[in-house]
Amino acid sequence: MKKENVPQDLSSLGKITKEVCYATDSDGRYVTQLSDGWDVKITALDVAWQEIDGRIANAKQRVLNGEASPLLFFMELRLMDLSILADYTGFWKWQIKRHLKPGVFNKLSEKDLKKYAEAFNVKVEELKSMDVHED
Amino acid sequence: MKIDFEHGQAAHCESGVTSNLLKKISNGKITEPLAFGIGAGLFFVYVPLIKINNGPAIAFRSMPGFIFNRTCKSLGIPVIQKKFSSKEKAEAALMESLEAGQPVGAQVGVYYLSYFPKEYRFHFNAHNLIVFGKEGDNYLISDPIMEHATTLTSYELERVRFAKGALAPKGQLYYPANQTEITDDQIRSAIKSGIKKNVFNMLSIPGPFAGVSGIKYTGNKIKRWRDKLGLKTAGLYLAQLVRMQEEIGTGGGGFRYIYAAFLQQANDYLPNPVLLQASEMFTQAGDMWRTAAVQAAGIYKGRIGSQEDFNVMGNYLLEIAEIEKKAFALLKNIKW
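Listed in order, the protein sequences are those of chains A and Z.
Residue 1 is where the first sequence starts when you use the numbering used here, and the numbers rise one by one after that.
Residue 1 is where the second sequence starts when you use the numbering used here, and the numbers rise one by one after that.
Bound-form chain Z, shown alone (with noise of 0.2 Å):
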C-alpha cells in the first residue's frame, strides 16, 4: 500500500517533515524556509547544569515539535498529535491513517535508525520523519534528511518510534487534520505571526541563557573554559558546540541561512526592505558562526589552544549576539 506522496529533501527534519506534509494543501507554497520561519524555529539556549554526551547542552532551534504544531496553528490548520501507551495500539493507529490515505509525521529516536551512517547515532530521540505506505513488512519512509525515500521493517521502525530516555516519542504520531487548500492571506498572517512569536523568543524570554542573551552569556563562558576545564575537555565542549550548530539538520550556520532564506520569501508575500535587511543581517550573522566553527576546529584539532585563541571564540559570539538583536529589533518594529 502506498500513498499519492512526493518525498521531498530538506536541510532540518521537523521543518522538512512540516513542508511535506502540507505539501499538497499548499500547493507547494508552504517551502521549508517558510515552515521554519511560521514555526519560529529559530532559537538559541545554553542550559547550565544538564550534559549531554558529556559536553553542554546546547540548542539552535526551538523545542522538538514546536515547529510542526506552531506553523499549521499560525496557518488555523487543526492538528491531530496521539501519543501511546502500547506497541501494538501504535502500529494500529498508524496503519489506520495509512489505510485512509493519510500520510503521517512520526517522531523517532536516532540511535536505532538502521539507514543512518553508525558514527551519527546518539540517544537523540527528537528525530522527525514521515510514513506514507507500507509494502510487505517494510514501511515506506521519508526522512528529509535523506535524498530518497527510504524503508523500514515493522520492528525496526516500532524500535525507534518507542526510544527511551529524554524526550522519548513514545509513538507519537501527527498530521494535519483537514485537507482544505492554504490560501495566500494565510500564509501573510502565518508570517506575521511567526515573526512575531521569534522575536519574543530571542530578545524578551527572561533569564540569561536563552535567546540573544543566551549567545551572549554563551560566549564569556566560553572564555573561562580552557582555565576551567583543561584544554581537552575545552575541545571537546566546541566540538559538541559545532555539532550541535552543523551537525544533520541545520542548512548550516545554526539555522541561520534558513532563517534569511525565510525572511526573503516573506518579502514575496509582504514585500518590505526591512524584511531583506533583516534577512542580510542573519546571512552574516550565519556567516560568523561557521567562522566560529572554523576557530573552535583549530582548537579541538590541537592546532591553536592559547587563552587568546579562546577570547577570539568567545568574542565571536558575542559579535553574533549584536548582530542578531540588531537584526531581530528591526522586525519587530516593522509596521505591517
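Isolated chain A (complex conformation) (with noise of 0.2 Å):
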C-alpha cells in the first residue's frame, strides 16, 4: 500500500488515538503513516456489535419471560462465555448451568450472588433486576 492511499476513516479509536500503518513511500521504502481508521474495518466492528446488542436485547427478552435467570442477560452484556464467567467465578460450569435456571438462581446464597455481582462489576441488587447504568 502507498503512504497516501492510508485511509482516513474517522473510528472510534481515531478520536483517541491515530494507528501506525506501514506504507511505501514514493521510492518504494517502507515508512509508517498514521491512519483515523479504514470504513471496512470500522463497519466489521458495528456488524460484530450489532449481533451482540441483539443477543443481549434476547437475553433480556428470555429472563423476563421467565425462561432463564439474570445471569443470561449479564454474560451477553460482559460478553462472557461459560468458561470465561467460571474462571472469573470459581464456580464449575455445570454449576453456571443450573444457576442459569431461574428457581435455582432465586435460592442463590448472598454470597454467590456476590461473586456474579463481582465477576459483571455490578451490584447485586443490579445483578437481581438486571438494572444497569452505565456510560
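If you're looking for bench data, these hints aren't it; they were derived computationally from the structure.
Mixed in with the good hints, there may be bad ones.
[Claimed, not checked] Not everything, but these chain A residues come out facing chain Z in the computed CB check (under 10 Å):
1. 1
2. 11
3. 12
4. 22
5. 34
6. 43
7. 44
8. 45
9. 47
10. 51
11. 52
12. 55
13. 56
14. 85
15. 88
16. 119
[As the list claims (entries may be wrong)] Label-pair distances were calculated between CB atoms; the ranges are:
17. 193(Z) with 128(A): 55 to 61 Å
18. 103(A) with 47(Z): 33 to 39 Å
19. 130(A) with 119(Z): 17 to 23 Å
20. 26(A) with 82(Z): 42 to 48 Å
21. 230(Z) with 101(A): 25 to 31 Å
In this text, a Cβ means the ideal position worked out from N, Cα and C, and glycines have one as well.
With the hints as a guide, bring the two chains together.
Put into C-alpha cells, the structure is as follows:
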C-alpha cells in the first residue's frame, strides 16, 4: 500500500489515538503513516456489535419471560461465555448452567450472588434487577 | 517515580513492546519491523472447532509471547519472565523492577483496559504494554498502540494483569535480563534465524490449518459458508476475519506490510536482491488481503451476497496463499 492511500476514515478509536500503518513512500521504501481508521474495519466492528446488542436484547427478553435467570443477560452484556465466567467466579461450568435456571438462581446465597456481581462489575441489587446504569 | 524511558507508538503491541524494551541497548536499531521479523511474527492459522466471540478463530501472527522471546533469544539476550499466583506478589515484583530502573513488559487483558474505547474491549488476554513508573497511585503506561503514554490506577492495572479466561496473563511480567549493547553482528545472525523460523512456520508446519496451506484451506471453506451458515452468519464470520486481519495492531494487510518492511530493513544489514524481491511480494500479498477485506465488507454490509461473491472472496485467499508460498520459497533458498 502506498503512503497516500492509507485510509483516513474516522473511527471511534481514531478519536482517541491514530493507528500506525506501514506503507511505501515514492521510492518504494516502507515508512510509517498514521491512520484515523478504515471504513471496512469500522463496519466490521459495527456488524459484530449489532450482533452482540441483538443477543443482549434477546437474553433480556428471555429473563423477563421467566425462561432464564439474569445471569444470561449479564453474560451477554459482558461478552462472557461459560468458561470465562467460570474462571472469574470459581464456579464449575455445570454449576453456572444450573444457576441459569430462574428457580435455582432465586435460591442462591448472598455469598454466591456476590461472586457473580463482582465478575460482572455490578452490585447484587443490579444483578437481580438487570438494572445497570453506565456510560 | 519515573524511569528514563521513551514511549514509542507501534502498529502491533508485542513487536512494539519488544522494540521499545530493546531501544536503549540497541541504540534504536531494533525497529518494530525488525522485532517482528526476527521474532518470526508472521503467521496464519485457522483453528477449526474453536470459536471466538461466536465466530471463527483465525490468527494472522504467531502465538502471543512468541515475538518477544524469540527476538531476545535470537539476539542472544537472556530474558526474565515471571507469572504469579498472588496479586500482592505480582505488584511487589513490578515495583521492585521499577525501583531498579527497569521498564517492564506486561501481558494484560483488554476487556477492562480503561483507556480503550468500549467498542474495542473484548475478552482478549494477550495484549502487551510497558510499565515505566509510578506517580501516586497511577502507574505510567506505555501502550504501543497509543500515540502517547498513559496511566492506569493500581486497581485498574491489577485487574487487567489478572484478567481471566483463555490465555489468562496471570500477572505476567517480562524484560531483557542484561543491558549489554547489541552489535550489528548479533542483528545479522538474528535476522537469518528469524527468517528461517518463519519459513518453517509458513511452509512446513504439518496439517492443513496453519501457514500457507491454512490460507488455502480457509479460502476453500469461505466458498461453502453461504450455503452452510446462511448469509447473515457468513457475513458475521467474514467481519470477524477482517477484524482479525485489520483491527488494532496489524500495521495493515494482516501484518504482511510489516513483514515487507522487515525484509527491506534486513536487506540493509545483509544486502541480497532476493530479500527485496520477497518484500515486494509481501506488499502484493498485503494489498490483496485488503482487497479481500473490501470484498468481505461488501458482503457483511449486505451490498453483495451471491454465491459468486463468496467464490471471488475465497479465490482471493487462494491467490494470496500462492504468492506467500512463492515468497517464502525464495527466502528458504537464500544462500547467506
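A quick look at each hint next to the structure:
A least Cβ separation of about 6 Å between residue 1(A) and chain Z falls short of the 10 Å threshold, and the interface hint therefore holds. The closest approach between the C-beta of residue 11(A) and any C-beta of chain Z is roughly 9 Å, which is under the 10 Å cut-off, so the hint is satisfied. Using the Cβ-Cβ criterion of 10 Å, the hint placing residue 12(A) at the interface with chain Z is satisfied: the shortest such distance is roughly 5 Å. Satisfaction of the interface hint for residue 22(A) is found here, the shortest Cβ-Cβ separation to chain Z being roughly 4 Å, below the 10 Å cut-off.
Of the supplied interface hints, the one on residue 34(A) holds, with its beta-carbon coming within about 8 Å of a beta-carbon of chain Z, less than 10 Å. Taken as an interface hint, residue 43(A) checks out: its beta carbon lies about 6 Å from the nearest beta carbon of chain Z, inside 10 Å. At its closest, the beta carbon of residue 44(A) sits 4 Å from a beta carbon of chain Z; the interface hint therefore holds under the 10 Å criterion. A cut of 10 Å between beta carbons decides the hint on residue 45(A): the least distance to chain Z is about 6 Å, and the hint holds.
Among the interface hints, the one on residue 47(A) holds; its C-beta lies about 4 Å from the nearest C-beta in chain Z, closer than the 10 Å criterion. Checking residue 51(A) against chain Z: minimum C-beta separation of about 6 Å stays under 10 Å; hint holds. Below 10 Å, beta-carbon pairs count as interface contacts, and residue 52(A) has one with chain Z at about 8 Å; its hint therefore holds. At a threshold of 10 Å, the smallest CB-CB gap from residue 55(A) to chain Z is about 8 Å, leaving the interface hint in force.
Nearest Cβ of chain Z to the Cβ of residue 56(A): about 13 Å, over the 10 Å cut. The hint is violated. This hint holds: residue 85(A) has a C-beta 9 Å from the nearest C-beta of chain Z, less than the 10 Å allowed. Interface hint status for residue 88(A): upheld, as the beta-carbon distance to the closest one in chain Z is roughly 5 Å, under 10 Å. Look at residue 119(A): its Cβ gets to within about 8 Å of chain Z, closer than 10 Å, so that hint holds up.
At roughly 58 Å, the beta-carbon separation of residue 193(Z) and residue 128(A) lies within the given 55 to 61 Å, and the hint holds. Separated by about 37 Å at the C-beta atoms, residue 103(A) and residue 47(Z) satisfy the suggested range of 33 to 39 Å. Distance hint check: the CB atoms of residue 130(A) and residue 119(Z) are about 22 Å apart, consistent with the given range 17 to 23 Å. The beta-carbon spacing between residue 26(A) and residue 82(Z), approximately 47 Å, falls within the hinted interval of 42 to 48 Å.
A hinted range of 25 to 31 Å holds for the C-beta pair residue 230(Z) and residue 101(A), which are about 30 Å apart.
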